[in-house]
Amino acid sequence: MHLTTLILAILFLLKSPSSSCLQAQDTNRHLDFFVGVDFNYRDINYVRQWDVLLNLTPGFKYDFGHNWMLSGQAIVPIINQYGNYYERPRLNMAVLSKEFWLADIICAKASAGWFGMSRYGVDAKLFAPLSEWVAVESQLGYTGYVSMATGWEMSPMDRFTWTFGGDLYFPEYNVQLRGIIGRFVYGDFGILCEGMRHFKHTTVSLFGKLSSADGLDAGFKAAIMVPPYHRSTRMVRIRPASNFRFTSIIKYHQHSVRMYPTDPEENEREGWFTRPILRWGSHNMEADFTTLRKEVSE
Amino acid sequence: MKRIFFLFALCALCAFASRAQQYTGMSGMLHIPSAEMHDEGDARIGAHFINKNMMPDTGFLYEGAKYHSIDYYVDITPFSWIEMAFTCTERKTKGSGDFGGYGRKDRYLSLKIRPFREGEYMPAIALGWNDVGTTIDESATRSDVQLYFRNYYVAASKHFFFSGHQFELTMSYRHFSRHYNSKWNGLVGGVTYRPAFWPKARAIVEYTGNDLLVGMDILLWRHLFLQASIKDFQYPSFGISYHTNLFGKYYSY
Chain G
1 MHLTTLILAI
11 LFLLKSPSSS
21 CLQAQDTNRH
31 LDFFVGVDFN
41 YRDINYVRQW
51 DVLLNLTPGF
61 KYDFGHNWML
71 SGQAIVPIIN
81 QYGNYYERPR
91 LNMAVLSKEF
101 WLADIICAKA
111 SAGWFGMSRY
121 GVDAKLFAPL
131 SEWVAVESQL
141 GYTGYVSMAT
151 GWEMSPMDRF
161 TWTFGGDLYF
171 PEYNVQLRGI
181 IGRFVYGDFG
191 ILCEGMRHFK
201 HTTVSLFGKL
211 SSADGLDAGF
221 KAAIMVPPYH
231 RSTRMVRIRP
241 ASNFRFTSII
251 KYHQHSVRMY
261 PTDPEENERE
271 GWFTRPILRW
281 GSHNMEADFT
291 TLRKEVSE
Chain Y
1001 MKRIFFLFAL
1011 CALCAFASRA
1021 QQYTGMSGML
1031 HIPSAEMHDE
1041 GDARIGAHFI
1051 NKNMMPDTGF
1061 LYEGAKYHSI
1071 DYYVDITPFS
1081 WIEMAFTCTE
1091 RKTKGSGDFG
1101 GYGRKDRYLS
1111 LKIRPFREGE
1121 YMPAIALGWN
1131 DVGTTIDESA
1141 TRSDVQLYFR
1151 NYYVAASKHF
1161 FFSGHQFELT
1171 MSYRHFSRHY
1181 NSKWNGLVGG
1191 VTYRPAFWPK
1201 ARAIVEYTGN
1211 DLLVGMDILL
1221 WRHLFLQASI
1231 KDFQYPSFGI
1241 SYHTNLFGKY
1251 YSY
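As you go down the protein sequences, you meet chains G and Y in turn. At position 125 of the first sequence the residue is numbered 125 (this note's numbering), and the sequence of numbers has no breaks. At position 145 of the second sequence the residue is numbered 1145 (this note's numbering), and the sequence of numbers has no breaks.
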C-alpha cells in the first residue's frame, strides 16, 4: 500500500514540464472518440478451421492539458467462437495518466485506474534516452484482477510486476532492437527480445521470449497505423482507432511474458509516450498523423 | 516507330515488378527458388491452390490417396538482402464421429538471404531455407512433425535485356530433407520472359528436377498479384495475393 501512496503522491506533485514543445502541447486540449477492431484467432481443434473472436473497441481519450490524459475503452463482441467468457460487452480500460520528465533525464508516465488485460492499479513507465540510439527502460506495476466478463470480479491489489531493459535504435534504417527481463502480468519471470523495423505507417517485428512458466516461444507482430492520417483541430474529434495490431505466436503461449496496456491505443510503433514529450526512436520519423490547421485569410 | 518504342520504354519504366515462388509466398519462380528478391519493404499476403501432383508424397494422404490443398501466407522483405515468409498449408484429417476433411495445418517459416547482388556480368546469388521451424496442431503428437516442405538451396539468377524484353535465367541447387521429396533434389532451373510491351506479366518455364512446369504471373493495379502454372500440361495450380510496399514506393526495374 505504501508503494501505491508513493506513486500517487508523485503523480500529483509533478512540476510543469520544462520543454517548450510541451508548453505548446498544453494549449491543444481535445477529446477524441474512436473505434477500433480487436481481431483474435486460434487454431486448437480440427473441427473448425479457426476459432475467431472479433470485438469492436470503442473508446475515448481526453487530453486536458499539461500532459494529463483520461482514457477509456469498452469491448463489444461481434463474433465469438472462444466461449462464454468473451460473450458480454464490457469495460476494458479507464485510466488517468500523466507524462513528465524527471530531472530532464528520465521520461516517465504514471497511470492509475483500470488497465487492459483485466488489471487495475497503478503503473509507472520510465524511459531514459542515453543517446540518439541507446535508451534504458523500465515498467513498474502494482495491480489486481478486475473483470466484468462474468459479472463483477475483483481481487486485491497484490501483484508487483516489473520489467527492465534496453533499446537500440539505428536511425539510418529505422531499426529498433529491444530486450527486457522482468516479472510479467501472469506472475511468470521471463525475457523478451524483439527486433523491429519501422516503415511508413507500419512497424513489423520479430520476437522471441523465454518464460519461467511456458518456456521458449517466438513470433512476429505488425502494427499498422490506420488512416486518415490528417486530423482536424476541433476540440471533439471522431475517428478510427489509430492503429491495428497483429500478432502471431508459434506455440500459442499467449499468457507468457505479457504486460497490460495502460493506453487504449498502445502499440509497438509509438511506444509508451506521445511524440511531443519524447523525441526518440520512431518519434524522429515523419509523423503518421498530422493536424490540419485552417489557414486564416486576411 | 520511335513513338511506339518510346511508349514501350515508358511502360517498362512505370512497371511494378513482382515475382514469386507463390506456393511458399517467397520470391522465385513457380516451384523452384531463384536469387531474385522482392524490393525492400515489400509485403504480401495471399493464398495458393496446390495441385495434389505437386504435394509431397507422404504426409498429405487422406484415406490412402493424395489430395489437393490450399496454403496461405504472409511474406515480407524488411531489407533488400533478406526475405521471410510464414506459410500455412491445409491438411485433411479424420476426426471423431463423422468428421473428416480439411482442418489441420502444416505451418512453416521460410528464409532467404542474398549476399551478392546481380552485377553487370555476375549473377545474383541467394541462399535459402524453407520450413525453418515447423509447428503442429495442439492435437498432434511429436510423430506428426514431418518437415514436409523443408529444403535448403543456393540459387543464381541473371537478367538479360533485348530491345526492352527481359529474360531471367536461374539455376539452383536444392536439397529436401525428406526422402519422399528427393525427386525435387539436385540441380533445377528455369527461364522467365517479361515482354517489353506488357512488363507487368511474366512467362515462366522451369524444370523442378522431376517435372516440367509452365506458368505465368501478373501484377494488376499495383497490388493484385496472380500466378497460374501447369505441370506436364495436365495438372494446374494457381494463386492470388495482395502485394504492397511498406515504404509506399513502387520501384521500376
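Rather than coming from a laboratory, the hints here were simulated on the basis of the structure. The beta carbon of each residue, even a glycine, is placed where N, CA and C say it ideally should be. Some clues are possibly wrong.
Here are the simulated EDC-like pairs of lysine to aspartate or glutamate, each with C-alpha atoms no more than 16 Å apart in a straight line [what the hints assert, rightly or not]:
1. Lys200/G with Glu172/G
2. Lys1092/Y with Glu1118/Y
3. Lys1249/Y with Glu1063/Y
4. Lys200/G with Asp1039/Y
5. Lys200/G with Glu1063/Y
6. Lys1094/Y with Glu1118/Y
7. Lys1092/Y with Asp63/G
8. Lys98/G with Asp63/G
9. Lys251/G with Glu286/G
Stretches of chain Y that chain G covers, calculated by requiring three or more beta carbons in the stretch to come under 8 Å of a beta carbon on chain G [stated by the list, open to error]:
10. 1211 to 1218
11. 1236 to 1249
Consistency of the hints with the structure:
Taken as a hint, the Lys200/G and Glu172/G pair is honoured in the structure, with Cα atoms around 14 Å apart against an allowance of 16 Å. For the proposed pair Lys1092/Y and Glu1118/Y, the alpha carbon gap of about 42 Å is over 16 Å, so the pair is violated. Restraint check for Lys1249/Y and Glu1063/Y: the C-alpha separation of about 48 Å exceeds 16 Å, so the hint is violated. Only pairs whose Cα atoms come within 16 Å are accepted, and Lys200/G paired with Asp1039/Y is accepted, the gap being roughly 15 Å.
In summary, the hint linking Lys200/G to Glu1063/Y is not supported, as the alpha carbons are separated by about 49 Å, beyond the 16 Å threshold. Between the alpha carbons of Lys1094/Y and Glu1118/Y the distance comes to roughly 48 Å, so the proposed pair goes past 16 Å and is violated. Restraint check: the Cα-Cα separation between Lys1092/Y and Asp63/G comes to about 53 Å, which exceeds 16 Å; the hinted pair is violated. Proximity of Lys98/G to Asp63/G is assessed by CA-CA distance (about 10 Å); at most 16 Å being required, the pair is judged to hold.
Taking the CA atoms of Lys251/G and Glu286/G, the gap is about 35 Å. The hint is violated against a cut of 16 Å. Closer than 8 Å: that is the beta-carbon criterion, and the stretch 1211 to 1218 of chain Y has 0 residues meeting it against chain G, so the requirement of 3 is violated. Counting residues of the stretch 1236 to 1249 of chain Y whose beta-carbon sits less than 8 Å from any beta-carbon of chain G gives 3, enough to reach three: the coverage restraint holds.
In summary, the structure is inconsistent with hints 2, 3, 5, 6, 7, 9, 10 from the numbered list given earlier, while agreeing with the others.
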